[in-house]
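A.B. asks: Chains as they are written, first to last, in the numbering used here: chain A, 1 to 294; chain B, 1001 to 1294.
Worth flagging that the hints you see were computed from the coordinates, not collected in a lab.
Just some of the chain A residues that point at chain B, by a computed CB distance under 10 Å: (1) 121; (2) 126; (3) 133; (4) 159; (5) 161; (6) 172; (7) 180; (8) 187; (9) 188; (10) 190; (11) 194; (12) 201.
Listed below are the simulated DMTMM-like cross-link pairs for lysine to aspartate or glutamate, each with C-alpha atoms no more than 25 Å apart in a straight line: (13) B:1199 <-> A:206; (14) A:14 <-> A:46; (15) A:199 <-> B:1154.
Note that this is a predicted model, so its numbers are computed, not measured. Quick reminder that beta carbons are idealized off the backbone N, C-alpha and C, glycines included.
Listed here are the chains, written in short residue letters.
Protein chains: 2
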Amino acid sequence: MQLIEGKKIAEQIKGEIAAEVQSIIAAGGRAPHLAGVLVGHDGGSESYMTSKVKTCEQCGFKSSLLRFDESITQDELIAAIQGLNNDKGVDGFIVQLPLPRHIDEQAVIEAIDYRKDVDGFHPINVGRMAIGLPCFKPATPSGIMMLLERYKIETRGKHCVVLGRSNIVGKPIATMLMQKGNPGNCTVTVCHSATPNIKELCRQADIIIAALGHPGFVTADMVKEGAVIIDVGTTRVEDPTRERGWRLSGDVDFDNVAPHCSYITPVPGGVGPMTIVSLMHNTLLAATGRAYTD
Amino acid sequence: MQLIEGKKIAEQIKGEIAAEVQSIIAAGGRAPHLAGVLVGHDGGSESYMTSKVKTCEQCGFKSSLLRFDESITQDELIAAIQGLNNDKGVDGFIVQLPLPRHIDEQAVIEAIDYRKDVDGFHPINVGRMAIGLPCFKPATPSGIMMLLERYKIETRGKHCVVLGRSNIVGKPIATMLMQKGNPGNCTVTVCHSATPNIKELCRQADIIIAALGHPGFVTADMVKEGAVIIDVGTTRVEDPTRERGWRLSGDVDFDNVAPHCSYITPVPGGVGPMTIVSLMHNTLLAATGRAYTD
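Let the sequences and hints guide you as you build the complete structure.
C.D. replies: Here you go:
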């Protein structure tokens, strides 16, 4: 069993990005600039945004944060987004979700110029991804693809079972893995809450991508000997042994599943760190004008 | 075994659309208007376009056809498309594919105003479909969904195996069937040319959607007793017993498979007639402003 060390790979890729930024600057260019929009004071959103800003620094990016009170109207928020769309100094930006209930998230996402949509949530990017055209790909599935690539995990002709059909993980990773390409060319099965025989399907999988948000869902009896396990789950579960009172739990019963795998991602330190790195990668593509050609 | 009579259902739906058009006109409105763009003189394209025009008549739609010589430049074609985008008398339009080699099909598709893109090929429509938002859905998968609905075929929790990963059938029908909804909520497996064990996977399927373009690919030994078979294949195969020298062949070995099925579509007369009806349905949505609300 080999551990897929997402944290280590993330550090490597950040180093590669930082090196490219240095050459850009050495050649007289400017640092890529990622802007973030944060509405309200949700604890989770605050800490995600802090990590993103910190990672920008590690990559040599400029970052800026636009903060708005929870009382902002949708029109005011969209006006701010249009400001970022028109700001030639900003290469890409993200609007941290969730937004307050009085704001239509989809309307906000669609107000983003898709050429600066480094989260890859705009329908144009989602559609281009589905068709197989160059685009900003969503961060988490993109991070999974990078891990498969860096560990040279064979995907062609393999049966990949995806657990979960969310718009940000399950559906896009299924699409990416079924496309022609490497990684890619998988036979893909998507399971979800309405699937009656998940265990049986998982036992057939060469690769399982667990993205249900259900701690410990994937147990040892669901895993074929030698399977590759990618755990996207990150649920906070109570843990009185930790000072902060909780720990992150994946969707996989790691201790009992790991001995049966060829490769497995830990939680934390697996897919999580790759998500922010994918965002940095997208920002670099935006800054260098490569998003729609690479 | 029950035959899914696509031709009959298509006639019914055309009747329903024609009735709605009559009420629109009775209320002082105008008939929906579908325009088609045809470049060159490909035999297949000519006959598809003729069928579409004829179906418009049956539905009470206005139709118009813009014909261009094969020598048209991409810029000239895009200018014609912009004319249709701006023409308030045109509710929706299609550009018949394939286009001559010197024209970038994707650039042409993206020049279409997505709000008139009744083929559902524009990335915005593809993306909205993937996300599960209202949009123009592509005609063939949409026609399959209508058949499943009209025959009240249970899809929730069923395992659907899709053969083929094309942008116009395989990938979109997989997405539609895995979404929440009815029809929908299927566990979906997508198989393709790189899948080594298609037979074994098909034998597990409650529903098989065959869209490979490989005549007679699905044989009786691949089909579970009681399965639902949707055959999207339409390949011309030589047939000296026919005056024209050919017949249409589906992807399913119909004679041997049918006895094992609960439902099966014939070729011709199954999915084919539904494709044009879906296009009419999209045109009606465009004309009544319902495409992005229904």
